[in-house]
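Student: Residue numbers (the numbering used here), protein chains in the order written: chain A, 1 to 302; chain B, 1 to 295.
Treat the hints with caution; some may be incorrect.
[Claimed, not checked] Heads up, simulated SDA-like pairs for lysine to any residue below, C-alpha to C-alpha not over 20 Å straight-line: (1) Lys54(A) to Leu149(B); (2) Lys54(A) to Leu156(B); (3) Lys87(B) to Gly183(B); (4) Lys236(A) to Val154(B); (5) Lys236(A) to Leu156(B); (6) Lys54(A) to Phe281(B); (7) Lys79(A) to Leu156(B); (8) Lys53(A) to Ala150(B); (9) Lys53(A) to Ile136(B); (10) Lys148(A) to Asp65(B); (11) Lys148(A) to Gly135(B); (12) Lys148(A) to Pro66(B); (13) Lys236(A) to Gly225(B); (14) Lys53(A) to Leu149(B); (15) Lys54(A) to Lys236(A); (16) Lys236(A) to Pro139(B); (17) Lys54(A) to Ala150(B); (18) Lys148(A) to Gly155(B); (19) Lys53(A) to Gln152(B); (20) Lys54(A) to Ser153(B); (21) Lys54(A) to Val154(B); (22) Lys148(A) to Val46(B); (23) Lys236(A) to Val171(B); (24) Lys53(A) to Leu157(B); (25) Lys54(A) to Pro66(B); (26) Lys53(A) to Leu156(B); (27) Lys53(A) to Ala33(B); (28) Lys148(A) to Asn68(B); (29) Lys87(B) to Asp239(B); (30) Lys79(A) to Gln141(B); (31) Lys236(A) to Met137(B); (32) Lys54(A) to Leu157(B); (33) Lys148(A) to Lys87(B); (34) Lys236(A) to Gly140(B); (35) Lys148(A) to Leu156(B); (36) Lys236(A) to Ala134(B); (37) Lys53(A) to Val46(B); (38) Lys236(A) to Gly135(B).
Keep in mind the hints are simulated off the structure, nothing from the lab.
Spelled out from the first residue to the last, the chains are:
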Amino acid sequence: MATTTAPTKAPGRGDRWAGPGMLLPFALFYLVFLVGPLIYTVIAGFFDASLLKKGLGDFAGLSNYTAVLGDDEFWRTLKNTLWFTVLTTVPLVLLSLVLAILADRFVHGRWFFRFAFFAPFVLPSAVISLIFTFIYADQVGLAQQAAKWIGVDTPPSWLGDPDWAMISIAAATVWWTIGFNFVLYLAGLQDIPRSVHEAAAIDGAGPWQRIRHVIVPMLGRTTTLVTVLQAVASLKVFDQIYMLTMGGPDGSTRPSLQLIYDTGFVEGRVGYASTVSLLLFVVILLVSLVWFALVRHAEKER
Amino acid sequence: MTAIATPPVTEQEKTTAGPPRRYDAERLFNRVALGALIAFALLWLVPLAWALATSIRPAQEVVTDPTNWFTANPTLAAYGDIFDAGKLPYWYANSFITSILTTALTVVAASLAAFALSQTRFRTRRAAFVVLLAGIMIPGQILMIPQFLALQSVGLLNTYWGVVLPQVPNVVAVFVFNQFFDGIPRELIDAARADGAGWLRTYRQIVMPISRPVISAVTIFVFVGVWNNFLWPLLVVTDPEMMTLPVGLTSVQDVFGVPYAQLMASAVLGAIPLLAVFLLFQRRIVEGIAGTGLK
């Protein structure tokens, strides 16, 4: 009786190691390029590490932390980063929501809208930056020309004016990346059952009321997801700013990631840059955790 | 009596007055919606169209009248300049090779890991799952310094592997594969195992063939992500002949400075491969994104 158990039931030696074995290749990459570097970053923040000499250098205690936290430039790049995040996240959530709800009403031509809004998203940041370097150029750019058409006699220097540079970069970013959120919202709209639309219509709700009271609330989960993904992505901004303004004019668009890049690779101050990295990591974690906590709280209230 | 008589009246009012008004509102709303959508879509096409239009204008015309859209003498001269001055064929080849290598390694490593997490049972499986997924929270970019130092110490700067290896641990890819594998009927796996197939063979001959949709979705989004990556190749590649397309394109700007026809020609050349990928795989890309985000 006991001897007739199927051979597969007996976990052989190869069987026990099959799972860990198949996990191993990815785990190695994960440990070497994510976990290891993260641990290094934590440790290097307590040392006087430099790109120019081998090893970690002298133990520095908390001096990197006091230096970074007392550095006006750290706070300014953080402020720039947060300002960019607000300038991009708000329109990228609201506008993509509106456009997706409108596009969802039309079966024909959805291909066209998806192309128009989504195609820019697949392009490299370098291409976006080349195009917008020209669009925002003084005298010769389309953006100044467009401002003149609508009656602004002396349009600002879009990338040269500290008050406008970040707004201009944010506008280019909205143009570039809206397709991703647009598609997430279209997918969320697909999940709303047909019967919900019909029930609301039979109850006499007009299109506007249906959007406000039925569709938008039902997209709540998607909105949470889109907002967090967007905020986290915006907090890591680097490419387009590096190529459009190099952080200028006068440091007004320099993001935190560029501070890490500059202090780490240009000045070689690895310890200092590691501390900034870790603090930025904490900010990114906090933003997503706080957001999820707020949403969970709001859902409990309801 | 009144209690019975009144309701039908209101009911009737509703049915006679309701539908036409509602129908009109619906039609008006649809028209406004369509108008707004088309206006936005056209606005969205302006930058691409303008880059294309400028790239085929003679350079002198762009200088004298930069914001004009049209030219009587279209020319591909700017494209010729780019090919002559830059190392464009190298950049295309480098982007292609690094993207293919990274994508292949990611798909194999991530799908194996996801298969192990989803279908096999071992003691630390749940812990491994949590540790891996926590990686989604780690922003790779902030780790650029230690990643750079690691590659420098083993002499991989200015090599393909230097561009490829740090991009392989893509936790989102594991997550996407895991979601798909969780949906595979348990009986299918058990049947293969009962027939005496080992785990690796089950993975290769049963699971991978039915996973084509998720494989192609992951392939496309990893490929596009690696192709478009800017910061990492900027750090590890300094040799112009080893640069990927995005990094190479920024050096074009340094060579040409102001001439916008050439800059727009480089933008178009940088955009073409990706637009082609997008047009070919539009549905897969869209499904891939919808799948990664929501389920």
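Student: Each hint should be assessed against the structure and marked as holding or not.
Tutor: The hints, checked one at a time:
1. Lys54(A) to Leu149(B): holds, 10 Å
2. Lys54(A) to Leu156(B): Roughly 17 Å between the alpha carbons, so the hint for Lys54(A) and Leu156(B) holds.
3. Lys87(B) to Gly183(B): Violated, at about 47 Å.
4. Lys236(A) to Val154(B): Violated, because 28 Å separates the two Cα atoms, which is more than 20 Å.
5. Lys236(A) to Leu156(B): violated, 25 Å
6. Lys54(A) to Phe281(B): Between Lys54(A) and Phe281(B) the Cα gap is close to 47 Å, so the pair fails against 20 Å, i.e. violated.
7. Lys79(A) to Leu156(B): violated, 36 Å
8. Lys53(A) to Ala150(B): holds, 14 Å
9. Lys53(A) to Ile136(B): violated, 32 Å
10. Lys148(A) to Asp65(B): holds, 15 Å
11. Lys148(A) to Gly135(B): violated, 49 Å
12. Lys148(A) to Pro66(B): Roughly 14 Å between the alpha carbons, so the hint for Lys148(A) and Pro66(B) holds.
13. Lys236(A) to Gly225(B): Between Lys236(A) and Gly225(B) the Cα gap is close to 15 Å, so the pair holds against 20 Å.
14. Lys53(A) to Leu149(B): holds, 11 Å
15. Lys54(A) to Lys236(A): It is violated: about 28 Å lies between the C-alpha atoms, which goes past 20 Å.
16. Lys236(A) to Pro139(B): holds, 8 Å
17. Lys54(A) to Ala150(B): Roughly 12 Å separates the two Cα atoms, so the pair holds.
18. Lys148(A) to Gly155(B): violated, 54 Å
19. Lys53(A) to Gln152(B): At roughly 13 Å apart (the allowed maximum being 20 Å), Gln152(B) and Lys53(A) satisfy the hint.
20. Lys54(A) to Ser153(B): Holds, because 10 Å separates the two Cα atoms, which is no more than 20 Å.
21. Lys54(A) to Val154(B): Judged against 20 Å, a Cα distance of about 13 Å means the pair holds.
22. Lys148(A) to Val46(B): holds, 17 Å
23. Lys236(A) to Val171(B): Distance ~17 Å between Lys236(A) and Val171(B) Cα, so the pair holds.
24. Lys53(A) to Leu157(B): holds, 18 Å
25. Lys54(A) to Pro66(B): Distance ~52 Å between Lys54(A) and Pro66(B) Cα, so the pair is violated.
26. Lys53(A) to Leu156(B): Satisfied, since the Cα-Cα distance of roughly 19 Å is no more than 20 Å.
27. Lys53(A) to Ala33(B): Violated. Lys53(A) to Ala33(B) sits at ~62 Å, over the 20 Å cutoff.
28. Lys148(A) to Asn68(B): Measuring from Cα to Cα gives roughly 14 Å; hence the hint holds.
29. Lys87(B) to Asp239(B): holds, 11 Å
30. Lys79(A) to Gln141(B): Answer holds: Lys79(A) to Gln141(B) is near 19 Å, not above 20 Å.
31. Lys236(A) to Met137(B): holds, 12 Å
32. Lys54(A) to Leu157(B): holds, 17 Å
33. Lys148(A) to Lys87(B): Given that 20 Å is the threshold and the Cα spacing comes to 39 Å, the pair is violated.
34. Lys236(A) to Gly140(B): It holds: about 9 Å lies between the C-alpha atoms, which stays within 20 Å.
35. Lys148(A) to Leu156(B): violated, 51 Å
36. Lys236(A) to Ala134(B): Distance of about 18 Å is within 20 Å: holds.
37. Lys53(A) to Val46(B): With Cα atoms ~50 Å apart, Lys53(A) and Val46(B) exceed 20 Å; violated.
38. Lys236(A) to Gly135(B): Judged against 20 Å, a Cα distance of about 16 Å means the pair holds.
Consistency with the previously given hints fails for numbers 3, 4, 5, 6, 7, 9, 11, 15, 18, 25, 27, 33, 35 and 37, ordered from lowest to highest.
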